[in-house]
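Whenever a hint applies, use it, and build me the whole structure from the sequences.
The sequence shown lines up with residues 9 to 434 when you count with the numbering used here.
Please note: incorrect hints may appear among the correct ones.
Cβ-Cβ distance ranges computed for the label pairs, FRET-style [what the hints assert, rightly or not]:
no., residue 1, residue 2, range
1, 102, 203, 29 to 37 angstroms
2, 307, 375, 30 to 38 angstroms
3, 110, 308, 35 to 43 angstroms
4, 416, 90, 42 to 50 angstroms
5, 416, 178, 49 to 57 angstroms
6, 267, 345, 22 to 30 angstroms
7, 267, 51, 44 to 52 angstroms
8, 45, 345, 31 to 39 angstroms
9, 259, 142, 43 to 51 angstroms
10, 290, 428, 41 to 49 angstroms
11, 415, 149, 28 to 36 angstroms
12, 268, 416, 46 to 54 angstroms
13, 270, 328, 32 to 40 angstroms
14, 106, 264, 43 to 51 angstroms
As a list, the in silico DSSO-like pairs of lysine-lysine whose alpha-carbon atoms are at most 27 angstroms apart [to be verified]:
no., residue 1, residue 2
15, 41, 264
16, 145, 96
17, 41, 96
18, 295, 264
19, 41, 376
20, 145, 210
21, 210, 168
22, 376, 145
23, 376, 406
24, 406, 145
25, 303, 264
These are computed hints drawn from the structure, not numbers from a lab.
Cβ coordinates follow ideal geometry from the N, Cα and C atoms, glycine included.
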Amino acid sequence: MDFDLIVRGGTLPDGGIADIGISGETIAAIEPKLQSSARTEVDARGNLVSPPFIDPHFHMDATLSYGIPRINASGTLLEGIALWGELKPLLTHEAVRDRALAYCDWAVSMGLLAIRTHVDVCDDRLLAVEALLDVKKTIAPYIDLQLVAFPQDGFYRSPKARENTIRALDMGVDIVGGIPHFERTMTDGTRSVTELCEIAAKRGLMVDLHCDETDDPLSRHIEQLAYETQRLGLQGRVAGSHLTSMHSMDNYYVSKLLPLIAEAGVSAIPNPLINIMLQGRHDTFPKRRGMTRVKEMQALGIRVGWGQDCVLDPWYSLGTADMLDVAFMGLHVAQMSSPADMARCFDMVTNVNAAIMGLDHLGLAVGKRASLVVLDAGNPIEALRLRAERICVIARGKVVAERTRQDTRLSLPGRPAAVNRRHQAQ
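This is the structure we're talking about:
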């Protein structure tokens, strides 16, 4: 046996057709036709073979808690935060762990094999931190999980948030988080950006801040984040999540801001499903939809990746762990409708998100980890159009999820016996 597993005849995202030979946990060969054998073979002929899907922004401590202790009646961000405050005292280690593991089962079934989750540190028990550290160990054989120390109620606004952030990092949380626009004043928000970045620089950690998740165009903490990134030499290790205030900012100011972000090497993580649901709630018409300036950022070379953010929690009542849903909504709201833009949206939930999270071991290349997905689609754009079924999911060289292709039987005179909505352009 030359390989442990071979994926035969799949279509790669660039349109090439290849066999992928896997040895142990590593991609050992990608060739048009491998003259080799393996203990296990996956027939991917006619189907897209993709790197794994990756979510750079999620809240796993709250996931699958929708309706506990009540439903977010207004649908606003602020009521969601207040509702989360009501839920936190009711949390148990077991409940957080079990809901998170259930979500990770969903994730594996959808080929989502790397997740960055923010975990609230404003509960003095740090119960959710402990639970998600347990989850991280449990799922390590198939999902890369990064934890962000997230002072949900404000680094300065919550009395023990600063202390608890340090405690969480000491416990093994990977990344420094924050929410500057939720501090009592803009000045406090700016100070929090500075101190959080200094903590990360001292510890050699990455930074990912909820930044300017508001309709207020004067919320400009991303500017301070770009400044601190350069001052402290954190280039390539910092992300600003949401950045929704940018949809309301003056164009002249943005023409100055975006080059600063690009120079600092700060990444952006918009979350289209949640941003368009929560933002603009005070508007009548015209109604803002909360999407940051995705194409303008990309034109300047800023890394932009789509995030899921929430699934069935105090902020969002839907979701299925499907990053194709996220990219599908993102391309609509950002008006990324050209073939190149749509293909880029697929890349944003695979390779770009891997780069934002520093996951250099993931990707479709020899020497990379053998984690990949076979989709019922002919190319990345078709995968987005169909939100294609995951026929096979491979994690670290092992098949971890499979699904039979689901064609629909028809009973129509003179028409085909089955249909699956895939389409070959004429």
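Q | Which numbered hints fail | A | 8, 15 and 17
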